[in-house]
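**Student:** Can you make the complete structure from the sequences, with help from the hints?
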Amino acid sequence: MAIAEIFPVTDTSLDLLELRHRRRETALHQFVQSALEHRALRHPELVESQLARRERLGSTALGRGFAVTGAWSLCVRSPLVLVGVSERGLEWDAEDGAPVHVATCVLTPGECTEDLHVRRVTAVVAALKLQRTRQRLIDRRDLAWLANLLREVPR
Amino acid sequence: MSMARAFLELHELDQLLAQASDPARAARWRKVGYTLAAAPTLVRDRERLAVTLDRRWLGVYERCLGRYGKGLSTVRKRVCLGCRLTLPTSAAPPPGDAHLHVCEGCGRLLLWD
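Quick note, the sequences are listed as chains G and P, same order. With this note's numbering applied, the first sequence has no gaps in its numbers, which climb one by one up to 158 at the end. With this note's numbering applied, the second sequence has no gaps in its numbers, which climb one by one up to 114 at the end.
Hints may be right or wrong, so weigh each one.
[Stated by the list, open to error] Examples of chain G residues toward chain P, derived with CB under 8 Å: (1) L49; (2) R56; (3) R59; (4) G61; (5) R67; (6) V124; (7) V128; (8) L131.
[Stated by the list, open to error] Straight-line C-alpha distance at most 35 Å; calculated DSBU-like pairs for lysine-lysine: (9) P:K32 x P:K71; (10) G:K132 x P:K78; (11) G:K132 x P:K71.
Simulated from the structure, these hints should not be mistaken for laboratory data. Where is the CB? At the ideal position from N, CA and C, for every residue including glycine.
**Tutor:** What follows is the structure in C-alpha cells.
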C-alpha cells in the first residue's frame, strides 16, 4: 500500500514578518506572537524567555546582517519557521557589530529529536546564507519565493 | 505559577544548559556558525527556580534527567512521547487540572496536551 503525505493547501508552517522595532527583545516578542497566532505554541511566555536565554549563551546573529534563532521546546506544538525583515536593522549583539536585517526563528517541538532541530536550523542558514538572497527578500517580500527557498528545511 | 509549568520551565532551562555544557552538542552548534559560551546566569536562574519546587517531585525529575537526559515528557492521545507507553484512561487528569503525574512506564513527569 502506498502512503502519501498530504500537506494542507495553505501550508502555514512559514511566515514572513515585518520587524518594526529596533531591539532584539522586541523582535523575539513579535516572533512569539506570530507563532501564537499560528497556534504553534503553548505557554508563549516560556518560549519568549527561552529565546532570550538562548541569546545569553551567545548571540544568534551570524554576521553580515543575518540572525537565526530558535527553540527546541516542549512548548512548541508544531514546527514553524518565521522569517522577519527589518529595513532599518536590529541591534542583535552581532560579533561584527552589523545591524540585523533578516532574522529567522526556527521552532521545533520538543518531542522531535535535537538532531532534527539542528538540521532545520542548518537548512535555514544554508538557504539564506547568500547576501544577494537576503537582499532580494528585503526588496521583494515574496512569501512564495521564500517558501521555495526553504523547501529543503525538514519538517 | 503552577507546579507543572514550573517544571516545564526547569526542563527548558536544563535543555539549554545541556546544549552549552555538552561538548558534542556544543560542537554541532559551532559547526553551524554559533558561538556558545557558559552562562552562569542561566545556572543561577535554574538554582533559583529549583528551590521553589517541591523536593519530592524535583527528585523524580532529576532522577529521570540523569537517566534519560529529559525529566519531563509530553502526552499526546494518551501516549507518553518519552517511552511510547499508552497510558490508562484513568491516568488522565480532569480537564483544567494542572497537577503533576508520573509515567508508569519510564517514570518521567508528564505534561498532558
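**Student:** Each of the hints needs a verdict: does it hold here or not?
**Tutor:** Tested hints:
Against a cut-off of 8 Å between C-beta atoms, the interface hint on L49 (chain G) holds, since the closest Cβ of chain P lies about 6 Å away. With 8 Å as the threshold, the beta carbon of R56 (chain G) comes within range of chain P, its nearest partner Cβ sitting at about 6 Å, so the hint holds. The closest approach between the C-beta of R59 (chain G) and any C-beta of chain P is roughly 5 Å, which is under the 8 Å cut-off, so the hint is satisfied. The criterion of a C-beta within 8 Å of any C-beta in chain P is met by G61 (chain G), whose closest approach is roughly 4 Å, and the hint holds.
Taken as an interface hint, R67 (chain G) does not check out: its beta carbon lies about 11 Å from the nearest beta carbon of chain P, beyond 8 Å. Look at V124 (chain G): its Cβ gets to within about 6 Å of chain P, closer than 8 Å, so that hint holds up. With a cut of 8 Å, the hint placing V128 (chain G) at the interface with chain P holds, because the nearest CB-to-CB distance is about 6 Å. Of the supplied interface hints, the one on L131 (chain G) is violated, with its beta-carbon coming no nearer than about 12 Å to a beta-carbon of chain P, more than 8 Å.
Restraint check for K32 (chain P) and K71 (chain P): satisfied, since their Cα atoms lie roughly 24 Å apart, inside the 35 Å limit. With a CA separation close to 39 Å, the supplied pair K132 (chain G) and K78 (chain P) exceeds the 35 Å bound. Distance hint between K132 (chain G) and K71 (chain P) is fulfilled; the C-alpha atoms sit about 33 Å from each other, no more than 35 Å.
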